[in-house]
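Peer 1: These are the residues of each chain, in order.
2 protein chains.
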Amino acid sequence: MSGWVVVAGLGPGHQAMITPEVSAALAGATDVVGYIPYVRRIAPRKGLVRHESDNRVELDRARHALDMALAGRRVVLISSGDPGVFAMASALFEAVETGPLPWRDLDIRVLPGVTAMLAAAARAGAPLGHDFCAINLSDNLKPWQVIARRLRLAVEADFAMALYNPRSTSRPEGFGRALEILRETCEAKRIVIFARAVSTPDEALRVVTLAEARPEMADMRTVVLIGSSATRVIPRKGAPFVYTPRSVRP
Amino acid sequence: MSGWVVVAGLGPGHQAMITPEVSAALAGATDVVGYIPYVRRIAPRKGLVRHESDNRVELDRARHALDMALAGRRVVLISSGDPGVFAMASALFEAVETGPLPWRDLDIRVLPGVTAMLAAAARAGAPLGHDFCAINLSDNLKPWQVIARRLRLAVEADFAMALYNPRSTSRPEGFGRALEILRETCEAKRIVIFARAVSTPDEALRVVTLAEARPEMADMRTVVLIGSSATRVIPRKGAPFVYTPRSVRP
Numbered sequence: 001m002s003g004w005v006v007v008a009g010l011g012p013g014h015q016a017m018i019t020p021e022v023s024a025a026l027a028g029a030t031d032v033v034g035y036i037p038y039v040r041r042i043a044p045r046k047g048l049v050r051h052e053s054d055n056r057v058e059l060d061r062a063r064h065a066l067d068m069a070l071a072g073r074r075v076v077l078i079s080s081g082d083p084g085v086f087a088m089a090s091a092l093f094e095a096v097e098t099g100p101l102p103w104r105d106l107d108i109r110v111l112p113g114v115t116a117m118l119a120a121a122a123r124a125g126a127p128l129g130h131d132f133c134a135i136n137l138s139d140n141l142k143p144w145q146v147i148a149r150r151l152r153l154a155v156e157a158d159f160a161m162a163l164y165n166p167r168s169t170s171r172p173e174g175f176g177r178a179l180e181i182l183r184e185t186c187e188a189k190r191i192v193i194f195a196r197a198v199s200t201p202d203e204a205l206r207v208v209t210l211a212e213a214r215p216e217m218a219d220m221r222t223v224v225l226i227g228s229s230a231t232r233v234i235p236r237k238g239a240p241f242v243y244t245p246r247s248v249r250p
Numbered sequence: 001m002s003g004w005v006v007v008a009g010l011g012p013g014h015q016a017m018i019t020p021e022v023s024a025a026l027a028g029a030t031d032v033v034g035y036i037p038y039v040r041r042i043a044p045r046k047g048l049v050r051h052e053s054d055n056r057v058e059l060d061r062a063r064h065a066l067d068m069a070l071a072g073r074r075v076v077l078i079s080s081g082d083p084g085v086f087a088m089a090s091a092l093f094e095a096v097e098t099g100p101l102p103w104r105d106l107d108i109r110v111l112p113g114v115t116a117m118l119a120a121a122a123r124a125g126a127p128l129g130h131d132f133c134a135i136n137l138s139d140n141l142k143p144w145q146v147i148a149r150r151l152r153l154a155v156e157a158d159f160a161m162a163l164y165n166p167r168s169t170s171r172p173e174g175f176g177r178a179l180e181i182l183r184e185t186c187e188a189k190r191i192v193i194f195a196r197a198v199s200t201p202d203e204a205l206r207v208v209t210l211a212e213a214r215p216e217m218a219d220m221r222t223v224v225l226i227g228s229s230a231t232r233v234i235p236r237k238g239a240p241f242v243y244t245p246r247s248v249r250p
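Protein chains in written order, with our numbering: chain A, 1 to 250; chain B, 1 to 250.
Among the clues, some could well be false.
You can't tell identical chains apart in this list, so a pair holds if it fits in one copy or across any two.
List time: in silico EDC-like cross-link candidates among lysine to aspartate or glutamate, alpha-carbon distance up to 16 Å [as the list claims (entries may be wrong)]:
no., residue 1, residue 2
1, K46, D31
2, K237, D105
3, K189, E212
4, K142, D158
5, K237, D107
6, K237, E97
Derived by calculation from the structure, the hints in this document are not laboratory data.
Nothing here was measured: the structure is a model prediction, and the numbers come from that model.
Whenever a hint applies, use it, and build me the whole structure from the sequences.
Peer 2: The following block contains the structure:
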């Protein structure tokens, strides 16, 4: 039997947000490879080998998956969210491009999923309801200057924004700097949404203004959404609805 | 029994990309409301009223859903893709904000889904694997100048891009103008992906350079992905893989 690699997104956390397509791939796999907490979301079963891998070794993990597929195994490489958004799909193709030629002709498929910003936006209302951008704030793989420049241009374009990986223990200062750039360029009432661990038991959602936003409101399980200048808050008895209108007036 | 409105995304087309959470909401609904072709994707069953609505009447459709929920019905308002990305969620909250006060305290939930750009990106590889933006090219609801400005700033920020609604019969010329702006500002070898009706029987994927891209390659069922300056193509026997690396070199 010939092997394959499927790169699959498990969504933001809740089982009910995993697509049936991804569940079917997992049911047909001989091996599942991924970062430890994601692999532990997959129930053990006979005939399935679960390979837990450390954080920050994405290329090794991808090569391991490709090696196994070449040997005839049916491998699901898992990410949280959508594998194509700041997750494993890009690492897999980097491994393919720089690896042995036979890897290129493997059966490799990417299965999309619900990425963190879409789950976060849904909880708040529709803050990404108009043009928006997604920026990874981690400066592990790019210089801070690139991040700063992109933030400024995104404000100039008046995009709503989703900021991934705002804060980790190894780089706690980046998100504070991002907030400073936003404060220099946006009005104080700009809406900021801190969405933590959406769809898990640890879910917490907080809607504040840019003036109220503090770096400590984000951790590594948070995605931060920044409204555009048009984003609106609808007050009500419970948590307010936040949305960005579909129209831009001339 | 008290009514509710769930705004749900049906994903790009294939049933296997509908999340179990959305399927469960549909199973518990008394009414489903949406644009005709989406409503027809929902199987008829006893106890479910399907309300088909024309294109471009999003606010009327949202008000109809809210009215029914206030009367105690359990209503699913459906979109394709993710409801928060150029779809029904923003229209619903616009209706809530401008409508009668009791609508604000209804049980309203948005359930995320797989939006077109993520399904398209997955088919091509990982072209949105680094910072990216999503721009709606429809100028029904915003002036063309805003679109043009955002395209130029997105190129300056070196975002990969997903362009929604590139072309319709009522405004065939917008996408041609967008390509002109991209040709003025990007290198001729910039990667352009035309992803049509991904996950449906009509699926077609085309990877070309900006120099080769033509307005007629897109229609209203196409999402167009533009690579960043770093996006790479991996040649192989079948369709090439396209990915944007996770790293930006200083």
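Peer 1: Given a CA cutoff of 16 Å, do K142 and D158 count as a within-copy pair, a between-copy pair, both, or neither?
Peer 2: between (23 Å within a copy, 13 Å between copies)
Peer 1: Could you place K237 and E97 in one of the four classes (within, between, both, neither) given a Cα distance threshold of 16 Å?
Peer 2: between (53 Å within a copy, 14 Å between copies)
Peer 1: Is it within, between, both, or neither for K237 and D107, if the alpha carbons may be no more than 16 Å apart?
Peer 2: between (52 Å within a copy, 11 Å between copies)
Peer 1: Regarding K237 and D105, is the shortest C-alpha distance of 16 Å or less found within a copy, between copies, in both, or in neither?
Peer 2: Intra 56 Å, inter 7 Å, cutoff 16 Å: inter-copy only.
Peer 1: Between copies, within a copy, both or neither: which fits K189 and E212 at Cα up to 16 Å?
Peer 2: within (9 Å within a copy, 44 Å between copies)
Peer 1: Which holds for K46 with D31 at a C-alpha limit of 16 Å: within a copy, between copies, both or neither?
Peer 2: Answer is within; shortest intra-copy Cα gap is 11 Å, inter-copy 42 Å.
When held up to the earlier numbered hints, the structure conflicts with none and fits them all.
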